[in-house]
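Enquirer: Here's the letter readout for the chains.
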Amino acid sequence: MSWNDQIGFPVLSVITFLPLAGVIAILLFGRGRPQVYKVIALVVTLAAFALSVWMLVVFKVSQAGMQLAESVSWIAPLNIRYGMGVDGIAALLVFLTTLLGVVVIIASWHYVKDREMGFFISLLLLEVGMVGVFCATDLFLFYVFWEAMLIPMYFIIGIWGGPRRIYAAIKFFLFTLIGSLLMLLAIIAVVYYVKDHTGTLTFDIQSLSRVVYSYHLQYWAFLAFFVAFAIKVPMFPVHTWLPDAHVEAPTAGSVILAGVLLKMGGYGMLRFCLPFFPDAAVAFVPWVVGLSVIAIIYGALVAMMQKDLKKLVAYSSVSHMGFVTAGIFAGIALVGNAAGVEGAILVMLSHGFLTGALFLMVGFLYERTHTREIAEMGTLGKPLPVLAGFFLFFSFGSLGLPGLSGFVGEFLSLYGVFEYSRWMAAVAAIGVILAAAYLLWMFQRTMYNDRGDDEVKPSFPLKDLGAREIASLVPLVVFVIWLGVYPRTFLEFLHVPVQTILDRVTPSLSDASAGMGALAQLVDSVRGLF
Amino acid sequence: MNALFWWLLVAFLLFSIGAFGVLARRNVILVVMSLELMLNAVNLALVATANFRAGAEGAGVLFALFIIVIAAAEVAIGLAIVIANYRNRRTVQVDTYDELKG
Amino acid sequence: MEGTAYLQIAVALITLLPLLGFIVTLLFGKRMGRQAHIFPVAMVTVTAALSIYGFVWAFGHRDETFVWNAFDWITAGQFHVPWGYQVDTLTGIMLLVVGIIGCVVHYYSIGYMHGDEGYYRFFAYLNLFMFAMFVLILADSYLLLFLGWEGVGLCSYLLIAFWFRKKSASQAGKKAFIVNRIGDFGFTLAMFLIFVVTGTLEFTGVFAAAEKGDISAGITTWICLLLLTGALGKSAQFPLHVWLPDAMEGPTPVSALIHAATMVNAGVYMVARSYPLFVQSETAMTVVMAVGIFTAILASYIAITQNDIKKVIAYSTISSLGFMFVALGAGAWVAGIFYLFAHGFFKGLLFLCSGSVIHAMGGEQDMRKMGGLRTKIPVTFWTMLVGALSMVGMIPFAGFWAKDEIVGATFIAGEYVVWVVAMVTVLLTAIYMGRLIFMTFWGETRADAEVQAHIHESPPSMTVPLVILAVPAALLGLVVGLPPEGGWIHGFLEPVFYHPHHAEFRLLGEGGALMLASLLTVIVGLLIAWWLYVRQTEVPARIADRVPWAYRASLNKVYLDDIYAVVPVGATLGFAQWLWDVVDVKVIDGVVNGVAWLWGRIGDGLRPIQTGRVQSYALYMFGGMVVLVAVFAWVWGS
Amino acid sequence: MELNNSVTVLLPGVVVAVSAVLVMVVDLFLRRKDVLAWLAAAGLLCGAAVAIGQWGEWTGGAAVWRVFTGGLTFGGREASAGFAGMIGHDHFAVYAVVLFCAIGVLAVMLSDEYLARRGAARGEFYGLLLLIVTGMIGMAISTDVIAFFVSFELMSLPTYVLAGYIWRDERSSEASLKYFVTGAFSSAILAFGLALLYAATGATSYAGIAAGLARLQAGGLAADGFLVVAFVLVVTGFAFKVSAVPFHSWAPDVYEGAPTPVTAFMATAVKAAAFVGFAKLFFVAAGAQWADWGHVMIVLAILTMVVGNVLALPQRNLKRMLAYSSIAHAGYLTLGLIAAGKSGDTVGVSAILFYLAAYALMNLGAFGVLIWIRARRSYDYSLDGLAGLGRGMPGTAILMALFMVSLTGIPPTVGFWGKFYLFTAVIQAGLTWLAIVAVVMSAVSAYYYLRVVWYMYFREAEEGAAAEAPAEGAALEAGAPSPQAGVAGAVVIAGLGVLIVGLLPGPLLDAAKGALRLLVGG
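Chains as they are written, first to last, in this note's numbering: chain S, 1 to 530; chain G, 1 to 102; chain L, 1 to 638; chain E, 1 to 522.
Hints listed in this document are in silico derivations from the structure and should not be mistaken for laboratory results.
In this text the structure is predicted, and so the values were computed from the model without any measurement.
Glycine included, C-beta positions come from ideal geometry on N, C-alpha and C.
The reader is advised that the hints may include incorrect statements.
Stated by the list, open to error - Restraint ranges, calculated between C-beta atoms of paired labels, are given here:
(1) E:Ile500 with S:Arg210: 49 to 59 Å
(2) E:Ile500 with L:Gln577: 52 to 62 Å
(3) S:Val14 with E:Ile500: 18 to 28 Å
(4) L:Thr572 with S:Gly65: 46 to 56 Å
(5) L:Tyr6 with S:Trp287: 32 to 42 Å
(6) S:Ala471 with L:Val569: 57 to 67 Å
(7) L:Gln577 with S:Val523: 46 to 56 Å
(8) G:Asn51 with S:Val523: 39 to 49 Å
(9) L:Val471 with S:Lys307: 49 to 59 Å
(10) E:Ile500 with G:Ile68: 43 to 53 Å
(11) S:Trp423 with L:Leu573: 51 to 61 Å
Stated by the list, open to error - Non-contacting residues of chain L with respect to chain S, defined by C-beta distances greater than 12 Å in every case (computed):
(12) Thr75
(13) Thr445
(14) Ile455
(15) Ile468
(16) Gly590
(17) Val591
(18) Thr611
(19) Arg613
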């Protein structure tokens with residue numbers, strides 16, 4: 001048993017399981033007392049957020065490897081450990097998660113009417129799973145959190161969602177499950193490959209990522225991991241669960257989904273696909289970057305045609321997350337281009353802030369107009385100037401206005417792609433134009449007038465954003481600007497871990513290029529399974 | 001071809017006849033009887049083996065004895081079940097018992 | 001370096017004060033109501049003073065370039081860009097233009113926007129614009145320039161769509177931003193390319209690399225063309241000019257400040273800033289000139305038939321910007337910036353005057369309903385006349401000196417075709433500007449009685465700025481541009497455009513002849529306008545009847561908007577709709593749902609196997625045994 | 001000495017059998033029938049305790065069950081053999097015995113309320129149930145086909161009776177008849193298969209058969225048609241009992257028609273006993289041929305996984321759905337046998353042992369929830385009847401959701417560990433593609449398991465449905481303590497088990513590994 005030596009107490013476990021403690025407290029004291037359980041939820045998430053900020057403060061950015069590590073034997077027969085720890089990437093994502101955790105609690109204060117306590121419990125449980133995914137340093141623990149998180153999300157969509165919530169919930173669940181089951185097989189294969197070759201059975205991610213795996217294993221296992229993460233990201237063409245889940249989920253669900261869950265895909269690729277299977281990863285670069293570029297353009301174009309506000313934002317996520325995957329994989333091609341990878345991670349953060357915020361805005365709009373149909377809105381900037389202002393801010397952030405968070409990441413990841421392939425970068429950059437098109441068009445049709453001049457649509461009185469709602473948005477505004485103007489704060493966390501990943505990938509470059517093409521390798525690898 | 005082969009062949013034929021009965025007869029009573037026939041085929045095979053196979057342990061006979069006992073128990077239980085069904089449905093046509101399906 | 005501490009503070013304040021103004025006004029402006037302008041206007045006034053200080057510094061240190069890296073902005077891998085400012089003489093000129101006109105427009109707006117329900121919002125946006133524009137011109141790297149570049153785009157969007165309940169306004173705002181984004185696409189790629197080949201985006205580093213010849217010729221051309229794409233969007237050059245006429249939906253001070261005097265010059269500024277790159281690529285220079293001259297004549301041609309007073313000026317702006325590009329492309333860099341300098345004042349003036357006219361007419365913008373305003377609004381008339389004469393290039397107004405240099409440069413550069421087209425453009429310019437003045441101020445008033453009764457001169461808060469701007473519009477050329485090709489401005493900008501290109505001007509030589517030719521063209525044009533719109537007012541209609549296609553082409557802006565609606569926009573939307581309807585819903589989701597459906601169907605289809613009859617179950621078992629025997633035999637047999 | 005050993009080996013079985021008799025005798029003399037359940041449970045617990053007490057006896061001893069050339073040997077020491085080598089005791093058997101007894105206890109808890117409400121005789125029921133467990137124990141400890149078959153029948157025959165225990169119910173009696181006919185048919189087939197094995201090898205003991213097969217193999221005769229038929233007949237007997245496709249057809253009908261507690265017991269204990277007993281038979285007696293067996297079993301396994309899961313999709317009766325799901329799980333379990341055969345490693349078998357325990361917990365829980373709902377209000381086992389349960393009976397719904405999640409195989413539940421361990425074995429055996437098939441099928445299964453959850457939580461109950469009293473409410477004896485507590489207790493125990501073992505699977509994993517421990521040391 002070893003708690004981390006850095007600060008003398010298991011801060012990561014505390015962050016992870018604080019919400020669980022909140023759940024227990026709610027069950028003990030909160031039954032039938034909305035004010036009590038809401039306050040408990042808020043206090044718990046705030047505490048988790050505060051701790052995660054503190055964690056960032058004590059984090060040593062120049063130090064490689066996992067920090068604040070904890071490791072306790074968990075399942076001795078398989079040498080599975082309860083291992084927690086963060087590197088810079090994970091630390092930032094934990095921070096993002098806990099921030100959004102607070103935001104959604106505030107934003108959901110009056111959102112659900114039915115089975116409200118269950119809703120807050122689900123949110124808290126979800127936070128446990130999400131933080132756990134980012135903190136786990138044991139492959140198995142990671143998988144447990146990864147899967148366990150599905151359940152509260154399934155409930156959030158299914159119970160508190162829209163009219164087609166059941167379809168959406170089950171689609172979300174099955175898509176993710178198929179991916180993660182394949183990943184499970186690959187996990188087993190990887191672990192036992194190591195056991196067969198070194199004699200030690202271990203699930204420690206760090207140890208596993210130092211092993212050189214055979215080509216045969218790499219190719220199919222890479223694909224299994226990759227599919228799981230690609231579904232989560234989601235990449236074209238496995239993205240269709242996302243719009244449905246987003247549209248049907250309640251606001252808080254959408255925020256978490258877009259803000260954190262999608263990031264797990266990118267995180268997984270960084271944590272597993274690249275360091276575990278460097279040769280396969282490099283060989284697949286053209287495919288992955290190609291698909292990402294398609295996703296960028298495709299998501300943007302399809303977003304443009306959406307009639308439902310949430311669906312529009314959902315497809316915009318497909319487009320934006322394309323920058324993540326493109327940046328990551330372009331970053332490992334040819335030169336080991338840290339800018340692309342760091343940019344991709346910044347996109348993840350920024351997308352968490354921005355799209356989370358956009359979903360909040362859509363939710364606030366929905367609470368007022370009781371519709372998400374773009375066609376039924378218009379001129380809302382007049383009665384709702386504050387809301388319109390925030391909406392505008394986040395829309396411009398999302399379309400990549402320099403000075404706001406979206407720009408830095410997208411620019412860097414595009415730059416990464418550019419170094420890899422100029423024409424792919426050129427195509428991807430069209431996505432930036434399209435982003436402006438669909439977001440401004442959306443904004444025009446909702447906030448500005450699009451229904452013939454001087455026709456003021458809503459007949460019922462609309463109340464502008466209240467203090468609570470503004471309070472849920474302000475932190476996001478702060479970080480959007482911060483990340484846009486002074487991204488160094490965040491980038492500093494990334495240099496060392498990204499370099500570690502790239503160091504792991506780069507040495508194998510020559511091998512891979514000497515081998516067969518990726519597909520031929522894959523076919524060979526899959527044939528090996530039989 | 002030694003004697004054992006022929007005995008086993010007979011046993012196999014008996015067994016097949018029994019199996020055919022189970023598959024083809026519509027009357028439950030006859031089905032139960034066919035089942036008994038199959039068990040008897042087994043007994044024949046066991047006893048024949050014990051007798052004719054060089055180096056065989058004598059346990060075949062013991063096995064046959066056990067099977068005879070089991071067969072008796074089986075018939076008793078089987079008939080009880082048949083009667084229960086007959087009381088409910090007033091028929092022993094086995095293909096009419098198809099409330100549970102799909 | 002002596003004095004840079006002050007400059008550092010000044011530069012920081014130049015960007016921070018308008019930002020502060022923006023934030024404060026946005027948060028508290030609503031509560032201040034009618035007084036909302038005080039804080040932002042104060043901020044801008046101070047900023048204007050500071051930017052004059054910046055100019056003065058550059059004036060005193062014309063061979064120096066002040067560079068100040070405030071902090072590390074982006075560092076990732078090898079990629080590194082600081083947040084840094086730079087001041088040299090080119091920046092100095094820009095500071096002067098932006099600072100003074102910005103300040104003037106702010107004061108003008110107090111009167112013009114009086115009583116508007118978005119009063120505070122307007123000033124907030126204006127301040128934000130000032131911030132972004134200053135960042136743009138002060139930036140010491142392409143990336144920071146890009147930040148300002150997109151920032152002014154944002155403000156342009158906000159201000160064009162200021163009266164957002166008008167669909168045309170919100171449409172125009174969106175169009176402006178998206179069209180600019182298309183340009184920015186090129187800009188972005190240019191930056192990538194620059195970084196890939198030079199490893200930096202800071203001007204000093206990039207230009208040093210360019211001068212050392214580190215960038216191959218082909219790459220240089222690519223970089224220049226991509227940068228030019230960006231400039232085409234921002235400076236409204238063909239084929240990306242279509243947003244600017246629509247941008248007139250915004251309040252008139254916005255048109256003056258953003259869409260005439262400052263923001264649209266950003267493209268020109270950026271190309272001028274990239275001088276060390278462009279001079280290395282003949283191809284790029286030629287393209288710059290070709291685009292410029294084509295845009296200039298195209299815009300003039302369209303301007304002739306436009307009836308909206310602001311639209312005419314808008315097209316004249318496009319045309320003028322075209323001239324600036326011609327200048328840059330022809331190698332007359334200083335002339336281009338000189339024209340930019342002068343243009344900022346007289347075009348700003350023209351817009352403000354037109355605003356005053358519109359104000360007087362109670363919001364009417366159609367020139368066909370004006371006329372005879374000469375006496376009713378005299379201050380506006382006289383100042384506008386100054387602006388118009390400067391615009392057409394009448395001696396001795398500011399526009400004359402700059403424009404003449406450009407036209408002359410094309411001839412001297414041996415681009416005779418360009419020169420001819422430029423002369424035609426000058427003629428057209430004179431005609432449509434004359435048309436504007438004559439239709440508005442001469443003849444009988446064609447407005448209805450109610451409007452007529454209401455016509456009045458604007459309040460001093462509006463007329464004073466007009467007069468202030470009229471002064472440089474009239475005299476700037478005399479002060480900085482004389483003698484031609486050798487005035488003060490030429491010397492001032494020499495450190496930036498360090499390969500002096502301009503020939504010496506001789507009044508009795510080629511230069512004088514060209515000047516005379518251009519002057520005569522202007523006068524002829526004005527006379528034609530006078531003849532058509534004052535003397536024989538029925539003639540224009542007859543001409544239109546004679547060549548209806550030419551008339552209609554001009555009136556309909558050469559159908560470019562219609563073509564764009566079909567080809568890029570329509571095609572994109574159609575493709576997107578197809579992607580959504582067919583690819584996403586039918587194919588991808590169809591496969592997903594189809595697979596799910598298939599499992600269910602298989603399940604349903606298998607259910608009858610479970611007949612409920614026990615003997616069929618026994619039969620399955622028997623069949624299963626047979627299969628197993630077969631499989632087993634096969635396994636052992638093989 | 002010989003007898004002494006025999007008694008030791010038999011002791012758990014004897015305890016359970018004696019309890020069976022005791023229960024029936026007490027039933028004759030006692031009016032308070034609720035004591036019977038306690039008695040039966042106590043008997044089972046004693047049996048389990050005795051078995052656990054024997055766990056430590058053989059550590060480090062030599063293995064008797066010498067098996068095949070690949071080096072796979074099963075645990076158990078010669079000293080623990082009894083009755084002329086017909087039975088033998090080892091960790092494997094102990095694990096199985098404890099498992100059977102535990103399932104038995106839970107089944108008793110689930111049954112009491114059900115029987116009491118319907119006025120059915122409880123003494124005989126528990127007596128038969130204990131006899132079934134005795135038969136199962138016999139299967140686990142047998143080392144001779146005669147003992148094995150007798151135990152097999154001791155298990156099977158009372159099961160037919162229990163399936164039709166509510167014999168006035170048409171469906172129950174029909175289930176019983178179908179089970180009897182198909183069961184007896186398969187028994188006969190199994191017996192004939194064993195007879196043919198005997199004919200081929202001349203031996204009835206596992207070791208003797210193994211030796212005989214080895215001789216045949218040496219003589220080049222192992223692959224002849226005679227043996228093929230013998231093996232297939234034995235496999236058929238196995239496939240029937242575990243309800244592997246195409247020998248599964250009885251299962252849905254019987255599971256649906258049988259009294260729910262009996263269904264729960266059959267789905268868990270009988271299946272477990274079949275796997276345990278046949279695994280021992282296959283490996284010890286025919287381990288050398290197992291690599292080839294494995295290939296045949298692959299066909300069975302794939303068919304079973306696919307058909308079980310796919311046919312579960314359209315089911316709207318929960319008992320029937322769970323029946324198909326249990327077929328599907330039999331398919332997963334068969335993978336363990338295949339993996340063990342292919343790799344010559346014991347991981348596959350210990351994975352089966354673990355999975356059986358996991359499966360028993362979650363399946364008993366799921367059936368228990370059905371019984372519990374039925375005890376509280378009118379309910380017809382339909383999906384629609386579950387609508388709104390999340391609101392009406394929140395605790396029950398949470399537990400049901402937990403069992404469904406566990407059956408799907410999502411962490412942190414025990415069902416996940418079962419699958420994980422099983423897939424590990426399969427992948428280690430180099431059969432990754434088979435694991436992929438299993439994974440795809442378990443994704444399919446997620447649909448129907450989660451459908452239960454969505455009916456409970458995402459749908460609202462129809463008006464008044466929850467208010468109705470249970471259908472068969474009259475027969476409860478006055479004054480007796482509510483037998484519902486038993487059901488609730490069983491469900492809660494299963495739920496806690498699913499969760500706790502899900503979070504801390506270490507001890508159970510150790511036990512499942514330890515059940516084959518002697519193999520390693522030799």
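Enquirer: State for each hint whether it applies.
Expert: Going through the hints against the structure:
1. E:Ile500 with S:Arg210: 49 to 59 Å: violated, 34 Å
2. E:Ile500 with L:Gln577: 52 to 62 Å: holds, 54 Å
3. S:Val14 with E:Ile500: 18 to 28 Å: holds, 23 Å
4. L:Thr572 with S:Gly65: 46 to 56 Å: holds, 48 Å
5. L:Tyr6 with S:Trp287: 32 to 42 Å: Given about 57 Å between the Cβ atoms, the range is violated.
6. S:Ala471 with L:Val569: 57 to 67 Å: violated, 40 Å
7. L:Gln577 with S:Val523: 46 to 56 Å: violated, 37 Å
8. G:Asn51 with S:Val523: 39 to 49 Å: violated, 59 Å
9. L:Val471 with S:Lys307: 49 to 59 Å: holds, 55 Å
10. E:Ile500 with G:Ile68: 43 to 53 Å: Holds, since E:Ile500 and G:Ile68 (Cβ atoms, about 48 Å apart) stay within the stated range.
11. S:Trp423 with L:Leu573: 51 to 61 Å: violated, 24 Å
12. Thr75: L:Thr75 not clear of chain S: closest Cβ-Cβ about 6 Å, inside 12 Å.
13. Thr445: L:Thr445 clear of chain S: closest Cβ-Cβ about 28 Å, beyond 12 Å.
14. Ile455: holds, 26 Å
15. Ile468: About 32 Å separates L:Ile468 from the closest Cβ of chain S, which puts it past 12 Å; holds.
16. Gly590: violated, 10 Å
17. Val591: Violated, since 9 Å does not exceed 12 Å.
18. Thr611: holds, 31 Å
19. Arg613: For L:Arg613, whose nearest Cβ neighbour in chain S is about 35 Å away, the distance exceeds 12 Å, so it holds.
The structure fails to meet hints 1, 5, 6, 7, 8, 11, 12, 16, 17 from the earlier list, while all remaining hints are met.
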